[in-house]
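Asker: So in this note's numbering the end of the sequence shown lands on 281, straight run, no missing numbers.
FYI, nobody ran anything at the bench for these hints, they're computed from the structure. We treat Cβ as the ideally placed atom computed from N, Cα and C, and that holds for glycine. Check each hint, because a few of them may be wrong.
Said to hold, decoys possible - Pairwise CB distance ranges (calculated):
#1 PHE230 <-> MET207: 31 to 39 Å
#2 LEU224 <-> SER256: 17 to 25 Å
#3 LEU253 <-> GLY278: 19 to 27 Å
#4 THR277 <-> LEU217: 21 to 29 Å
#5 MET207 <-> VAL227: 27 to 35 Å
#6 SER255 <-> VAL233: 35 to 43 Å
#7 GLY271 <-> ILE210: 21 to 29 Å
#8 LEU208 <-> PHE275: 25 to 33 Å
#9 VAL239 <-> ILE210: 18 to 26 Å
#10 LEU208 <-> PRO231: 34 to 42 Å
#11 LEU208 <-> GLY271: 20 to 28 Å
#12 LEU276 <-> MET252: 20 to 28 Å
#13 PRO231 <-> VAL211: 32 to 40 Å
#14 LEU265 <-> LEU232: 35 to 43 Å
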Amino acid sequence: MLNIVSILIGLFAGLFALVGVIPFPLVPLLNWVAFPLALVGTVIGMLSSSNSGRNLNLLILAISGIRLFLTGGLI
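Put together the whole structure using the sequences plus the hints.
Answerer: Okay, structure coming up:
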């Protein structure tokens, strides 16, 4: 059950992260929403017996984290 919750959180955070990659004004700020959501999903995925939810959220963390790192966290 926790794995399904983790996957759902990962899909929701992934939607924000993928839209946040678009370089329009103020849209990359969605990565500030995707990063904490993926972090919560990763913790929930770690409590699960399966790894798929955790791995999905780690991928979203990497995408949004690299995007925030490269742009200084702004745009």
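Asker: Hint by hint, say whether it matches the structure.
Answerer: Status of each hint after checking the structure:
no. : hint                          : result
1   : PHE230 <-> MET207: 31 to 39 Å : 38 Å, holds
2   : LEU224 <-> SER256: 17 to 25 Å : 24 Å, holds
3   : LEU253 <-> GLY278: 19 to 27 Å : 33 Å, violated
4   : THR277 <-> LEU217: 21 to 29 Å : 24 Å, holds
5   : MET207 <-> VAL227: 27 to 35 Å : 31 Å, holds
6   : SER255 <-> VAL233: 35 to 43 Å : 37 Å, holds
7   : GLY271 <-> ILE210: 21 to 29 Å : 24 Å, holds
8   : LEU208 <-> PHE275: 25 to 33 Å : 29 Å, holds
9   : VAL239 <-> ILE210: 18 to 26 Å : 21 Å, holds
10  : LEU208 <-> PRO231: 34 to 42 Å : 38 Å, holds
11  : LEU208 <-> GLY271: 20 to 28 Å : 23 Å, holds
12  : LEU276 <-> MET252: 20 to 28 Å : 27 Å, holds
13  : PRO231 <-> VAL211: 32 to 40 Å : 34 Å, holds
14  : LEU265 <-> LEU232: 35 to 43 Å : 24 Å, violated
Figure legend: structure checked against the earlier numbered hints; hints not met, in rising order: 3, 14.
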